[in-house]
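Next come the chains, spelled out residue by residue.
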Amino acid sequence: MVSASKPIEQQSIPLKPEALVLGGGIVGMTVAQALGQAGIRVTLVEKGKHLGGSALELRRFYSRPEEVHPWIEEKISEIRRMSQINVLTEAELKDLNGHIGRFQAKIQHQDGRETTLFSSAIVVATGYATQTERKGFFSHKRVISLAAMEKLLSENSGSALPWEGNPVKTVTFLLDGVNEDVKVDSINAVKQGLLLQESRSCQVAILCKDVKVSADGMERLYRKAREKGVLFFKYDSPPKVSLVNDHIQVDVRDTAAIRKEEQWPVSILSDLLVVGEAFVPTPETERLCGLLKLRMGSRGFLMEDNPQFLRVRSNRRGIFLAGGCRFPQEVSESLIEARAVAQEVISLLSKGTYTFDLSVAEVDPKKCAVCYTCPRLCPHSAITVEKYAEKNIYTVSGAGAETRWGAAQVDPAACFGCGICVAECPAKAITLLHETEDQIYAQMGL
Amino acid sequence: MAEKTVLVIGGGISGITVASELAHLGIPTTLLEKEASLGGLAGSFCCKASESCNRCFACVVDKKCSETRARQDFSIFTQTTVTHLEGAPGAYRVSLKKGKEKLSLDVSAIVVATGIDPYDASLKPEYGYGLYRNVITARDLDEMLRFRGTVLRPSTGQGPKSIAFFQCVGSRDESIGHLYCSQVCCAYALRLIKAIRHAHPEITATFLYMDIQPAGASFQQFLDSCRQDKGIRLIRSLPSKVYHSPVSEDVRVRFIDPEKDEVVEETFDLIVLSVGMVLRKDSRELAQSLGLTFTEDGFLASPPPHTGLFVAGACHGPKDIDRSILHAKSTALQVLDYLRGRF
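Chains as they are written, first to last, in the working numbering: chain A, 1 to 446; chain B, 447 to 789.
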């Protein structure tokens with residue numbers, strides 16, 4: 001691209017140290033805390049009444065001795081003490097305009113108030129939701145979720161686990177019914193199974209497709225659970241669940257034996273059947289995607305398929321994704337991710353300006369027919385059309401009266417210079433600076 | 447103390463990330479690399495795309511390395527090792543050796559990002575690595591794909607027809623004292639299989655595993671596509687032994703076939719061992735001279751932040767490329783907090 005090229009200019013936009021964090025779970029709180037400590041003013045928006053999020057369903061970590069609740073309470077009070085962090089509970093994002101450095105967010109409070117905020121960067125940490133199967137046998141009262149078991153264990157501290165007045169003797173975990181790729185279930189089941197077997201004198205069986213041990217310390221925990229007598233069965237097709245004498249019976253083959261004739265069918269009669277949850281995006285994810293103009297992954301989580309974005313940068317510059325809204329993960333991994341996202345934001349805002357090369361797309365307003373092709377196609381939501389609005393209006397003196405038009409506008413700071421809009425514009429109104437048609441023809445020798 | 451400086455030991459993806467994050471924030475940073483070039487282990491991986499990207503993150507490492515080489519804001523010492531450390535937290539004096547040259551550096555904080563080594567598969571003689579030419583490690587295969595562009599049988603130089611992948615070589619194995627999962631090898635081996643099957647559909651692959659470990663958001667789709675592929679057999683059975691025919695150099699494997707439910711012997715053209723992660727041997731010595739402790743699994747434990755010593759990336763515990771980068775970024779934040787007197 002030697003011919004017809006000009007030096008690439010640079011442009012800067014100011015960045016104020018202001019950030020908006022959506023979601024007041026442990027990830028959102030960790031991001032807010034780290035940003036606040038670095039001197040960035042943070043607004044933390046949580047839709048619920050309290051901070052803490054879905055981690056409050058956990059009572060114990062699998063890998064750490066401390067209890068979850070005091071740890072979260074400590075974090076909340078630290079955040080409440082920090083003057084740089086403004087916490088808005090019972091509030092939701094209603095509208096978002098603008099681009100990196102100039103995001104304008106409308107926050108709707110539950111009491112009807114509305115706040116308008118300006119921020120340079122946005123972190124989405126809205127977490128994930130869980131669903132429990134409630135059909136057929138799964139509606140039986142002896143079938144409970146992992147979260148319910150976690151609660152049961154924390155509420156009863158004796159040497160036996162009482163359930164409806166009687167001590168629980170046998171517990172079976174049935175995992176991997178829905179999600180095979182989430183290890184949280186496996187980790188919680190092994191943790192709870194070990195606790196039940198070791199100190200609540202229960203006989204525990206864990207049925208799953210694969211035992212997921214790809215987390216620090218999990219293989220040791222799995223080993224310990226087996227040593228203490230927790231039984232593990234790996235199944236290929238879902239085991240049969242039936243009701244026998246008001247107890248739950250699960251039929252499974254003992255695949256630990258090699259020869260088929262030795263693989264006895266095993267019937268496990270249990271007092272409680274603990275089933276794994278389905279991990280789904282939070283109900284508001286879709287709305288949030290629309291508001292923030294983010295792309296959704298195949299399963300409805302906020303997901304970026306481009307590895308170059310490191311999974312925590314979204315398709316829009318200045319908007320970052322952290323924690324479970326991207327994919328359900330284990331607490332310590334989420335926290336590492338939260339701190340990494342905080343570092344990304346600090347690194348972005350540290351200079352006070354965002355400087356970029358002007359090798360971006362540019363619309364010639366005179367040629368633009370306002371057909372809305374480019375804003376729909378732009379993968380980074382860098383194009384807006386403000387037809388007949390105050391902006392972008394220019395006047396064409398035609399044969400008769402003057403006509404007022406609007407036009408598409410590319411935000412140079414948000415543009416990644418991919419060229420999709422250039423190729424697709426029916427009116428050829430968009431050029432990619434420093435990759436112009438003249439330059440391409442010159443390179444082709446035309 | 448005049449200026450607070452940071453030394454990052456290890457020029458792999460984690461070290462590069464920590465150094466560039468700190469340098470970007472204006473902190474004078476020095477990056478040490480033992481080898482002649484940056485990139486470390488992940489820098490030698492090949493792209494494992496099939497019809498589409500399989501998210502192996504190898505390209506991210508290459509991009510990051512070339513960006514780093516173009517940067518001017520931190521100093522990089524290649525072919526340099528640490529010989530000695532003295533001083534106290536906040537004011538360390540590090541002695542370095544670059545060839546015959548001896549240097550010393552005053553730093554406020556030290557980040558150890560020395561990464562991992564693939565497990566030495568010859569320590570499991572039953573699989574015959576190092577004895578039989580057609581038994582290679584996944585790492586050898588990766589290198590072959592990157593530098594020769596295709597997969598070849600070492601004995602003949604021809605393309606193989608059937609490949610067996612053995613998982614958990616050096617991981618989840620109490621007999622060698624490795625009671626941990628290396629967390630990346632399942633996805634790594636499956637990506638290699640997908641890439642090979644895409645380029646050579648005539649090669650069939652057999653994946654012998656214990657439990658398939660998930661790897662991130664799009665793993666379910668990826669795993670489903672592996673299951674649908676007729677040329678890939680996923681068998682839950684770890685092989686007991688590899689037999690070798692000295693004439694044809696074919697390798698025979700004993701494992702349990704779940705369809706027949708009995709022990710079978712099958713001959714493969716090539717065996718690939720998915721080797722796990724272990725802490726580098728020289729990291730052990732370095733850790734001892736820095737006074738770092740080890741985790742139960744033999745990786746480097748995070749030292750208390752007031753020591754001014756930090757651990758980043760896979761030397762802290764098995765991590766894939768993107769989690770190493772995220773861990774490195776989160777470590778950079780810790781270093782920053784330390785330098786600003788907050789921890």
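Since the hints were derived computationally from the structure, they do not count as laboratory data.
Beta carbons: idealized from backbone N, C-alpha and C, even for Gly.
A few of these clues could be false.
Rough simulated footprint, nothing fancy, chain A against chain B, three-plus residues with beta-carbon under 8 Å [unchecked claim]:
(1) 499-508
(2) 660-671
Under the rule of at most 20 Å between Cα atoms (straight-line distance), these lysine to any residue pairs were calculated in the SDA-like manner [claimed, not checked]:
(3) A/Lys234 x B/Phe520
(4) B/Lys509 x A/Phe356
(5) A/Lys209 x B/Cys672
(6) A/Lys224 x B/Met656
(7) B/Lys706 x A/Tyr235
(8) A/Lys209 x B/Lys687
(9) A/Lys209 x B/Lys509
(10) A/Lys209 x B/Gln667
(11) A/Lys234 x B/Lys687
(12) B/Lys706 x A/Gln37
(13) A/Lys351 x B/Pro685
(14) A/Lys209 x A/Glu164
(15) B/Lys509 x A/Asn306
(16) B/Lys450 x A/Gln37
(17) B/Lys570 x B/Lys687
(18) A/Lys234 x B/Pro685
Hint check:
Given a C-beta distance limit of less than 8 Å, the hint that chain A covers the stretch 499-508 of chain B holds, as 6 residues qualify and 3 suffice. Counting residues of the stretch 660-671 of chain B whose beta-carbon sits less than 8 Å from any beta-carbon of chain A gives 9, enough to reach three: the coverage restraint holds. As the CA atoms of A/Lys234 and B/Phe520 are separated by approximately 51 Å, the hinted pair breaks the 20 Å bound. Distance restraint check for B/Lys509 and A/Phe356: the Cα-Cα separation of roughly 18 Å lies within the 20 Å cut-off, and the hinted pair is therefore satisfied.
For the proposed pair A/Lys209 and B/Cys672, the alpha carbon gap of about 16 Å is at most 20 Å, so the pair holds. Distance hint between A/Lys224 and B/Met656 is fulfilled; the C-alpha atoms sit about 18 Å from each other, no more than 20 Å. Restraint check for B/Lys706 and A/Tyr235: satisfied, since their Cα atoms lie roughly 17 Å apart, inside the 20 Å limit. Simply put, A/Lys209 and B/Lys687 have alpha-carbon atoms about 25 Å apart, too far for the 20 Å limit, and the pair is violated.
About 37 Å separates the Cα atoms of A/Lys209 and B/Lys509, which puts this hinted pair outside 20 Å; it is violated. A C-alpha spacing of about 16 Å is found between A/Lys209 and B/Gln667, which places the hinted pair at or below 20 Å, so the restraint holds. Annotation: proposed proximity of A/Lys234 to B/Lys687 is violated, straight-line Cα distance about 24 Å (limit 20 Å). For the hint pairing B/Lys706 with A/Gln37, the CA-to-CA distance comes to about 61 Å; that exceeds 20 Å, so the pair is violated.
Proposed proximity of A/Lys351 and B/Pro685 is contradicted: the alpha carbons are some 56 Å apart, above 20 Å. For the hint linking A/Lys209 to A/Glu164, the alpha-carbon distance of about 31 Å lies beyond 20 Å, and the restraint is violated. Between B/Lys509 and A/Asn306 the alpha-carbon distance is near 14 Å, which keeps this suggested pair within the 20 Å criterion. Taking the CA atoms of B/Lys450 and A/Gln37, the gap is near 19 Å; set against the 20 Å cutoff, the hint holds.
For the hint pairing B/Lys570 with B/Lys687, the CA-to-CA distance comes to about 10 Å; that is within 20 Å, so the pair holds. A threshold of 20 Å between alpha carbons decides the hint, and for A/Lys234 with B/Pro685 the separation of about 18 Å falls inside it, so the pair holds.
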